[in-house]
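Asker: All chains should be modelled from the sequences, with the hints used to inform the complete structure.
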Amino acid sequence: MAQPAAIIRIKNLRLRTFIGIKEEEINNRQDIVINVTIHYPPIKRALAKISTMR
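Taking the UniProt record's numbering, the leading residue of the sequence shown gets 1, the next gets one more, and so forth.
Misleading hints may appear alongside valid ones.
Derived CB-CB ranges, DEER-like [said to hold, decoys possible]:
| id | residue 1 | residue 2 | range |
| --- | --- | --- | --- |
| 1 | Tyr40 | Ile19 | 24 to 30 Å |
| 2 | Thr17 | Ile38 | 20 to 26 Å |
| 3 | Ile43 | Arg9 | 15 to 21 Å |
| 4 | Ile34 | Ala6 | 18 to 24 Å |
| 5 | Gly20 | Ile43 | 37 to 43 Å |
Source of the hints: derived by calculation from the structure; they are not laboratory data.
Since this is a predicted model, take the numbers as computed values, not measurements.
Where a beta carbon is used, it is the ideal one built from N, C-alpha and C, also for glycine.
Answerer: Okay, structure coming up:
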């Protein structure tokens, strides 16, 4: 039986960083927001360990 995909979600991660290579761009940092969803096949051993922790 196929196991459902494991999911990692990162929502509204806010960072202040420089974007670019010119001195003006480096000196004037910009705010960015990152949203990521990663789906990957779970490992049976990891799932068993997580289910016993609950």
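Asker: A separate judgement is required for each hint: does it hold in the structure or not?
Answerer: Right, here's what the structure says about each hint:
no. : hint                      : in the structure
1   : Tyr40 x Ile19: 24 to 30 Å : holds (28 Å)
2   : Thr17 x Ile38: 20 to 26 Å : holds (21 Å)
3   : Ile43 x Arg9: 15 to 21 Å  : holds (19 Å)
4   : Ile34 x Ala6: 18 to 24 Å  : holds (20 Å)
5   : Gly20 x Ile43: 37 to 43 Å : holds (40 Å)
Going through the hint list in order, the structure satisfies each hint without exception.
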